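Enquirer: Sequence:
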Amino acid sequence: MKIPGLFLPGFLAIQAAALAQQPASPPIPGYWRIVPEFSDEFNAPELDAGKWQPKNPEWPGRPPGLYLEKNVTLKNGKLQLQLKAENVPDMPAGYKDYTCAIVRS
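In terms of this note's numbering, the sequence shown has 25 at position 25, counting the first letter as 1, and numbering is strictly consecutive.
Don't read these hints as lab results, they were simulated from the structure. One or more hints might be untrue.
Taking lysine-lysine pairs in the DSSO-like style, the calculated list, with each CA pair at most 30 Å apart, reads [unchecked claim]:
no. : residue 1 : residue 2
1   : Lys78     : Lys51
2   : Lys84     : Lys70
3   : Lys96     : Lys84
4   : Lys96     : Lys75
5   : Lys78     : Lys96
6   : Lys75     : Lys51
7   : Lys96     : Lys55
8   : Lys84     : Lys55
9   : Lys51     : Lys84
10  : Lys55     : Lys70
11  : Lys55     : Lys75
12  : Lys78     : Lys55
13  : Lys51     : Lys70
14  : Lys96     : Lys70
In this text, all values refer to a predicted model and were calculated from it rather than measured experimentally.
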């Protein structure tokens with residue numbers, strides 16, 4: 001099958017037009033602003049309860065790992081979510097050998 005000579009230039013023109021509509025690079029540094037209700041530097045001694053929950057009441061975990069609040073900590077400005085090989089008393093059916101963490105906003 002022979003492709004007409006105008007096909008390739010037409011295709012390139014369409015591609016160029018599509019690329020021209022997209023930003024070439026991320027925004028220039030310094031031209032952004034913090035939106036406090038969506039930002040957290042995790043510099044406090046504990047999670048900001050107005051932004052985060054260290055559990056999900058509707059979902060106890062992904063078996064075999066059970067979500068536990070004690071596995072959510074803050075240290076040196078970092079949110080730490082720990083996975084531990086451990087059993088805890090009274091784990092729900094299907095959960096065993098592991099505890100893990102989740103935060104919900």
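Enquirer: Hint by hint, note whether the structure agrees.
Expert: Against the structure, the hints:
1. Lys78 / Lys51: 15 Å, holds
2. Lys84 / Lys70: Judged against 30 Å, a Cα distance of about 11 Å means the pair holds.
3. Lys96 / Lys84: Distance of about 11 Å is within 30 Å: holds.
4. Lys96 / Lys75: 27 Å, holds
5. Lys78 / Lys96: 28 Å, holds
6. Lys75 / Lys51: 18 Å, holds
7. Lys96 / Lys55: 18 Å, holds
8. Lys84 / Lys55: 16 Å, holds
9. Lys51 / Lys84: The hint holds at about 25 Å.
10. Lys55 / Lys70: Holds, at about 10 Å.
11. Lys55 / Lys75: 18 Å, holds
12. Lys78 / Lys55: 18 Å, holds
13. Lys51 / Lys70: Cα-Cα ~18 Å, so holds.
14. Lys96 / Lys70: 17 Å, holds
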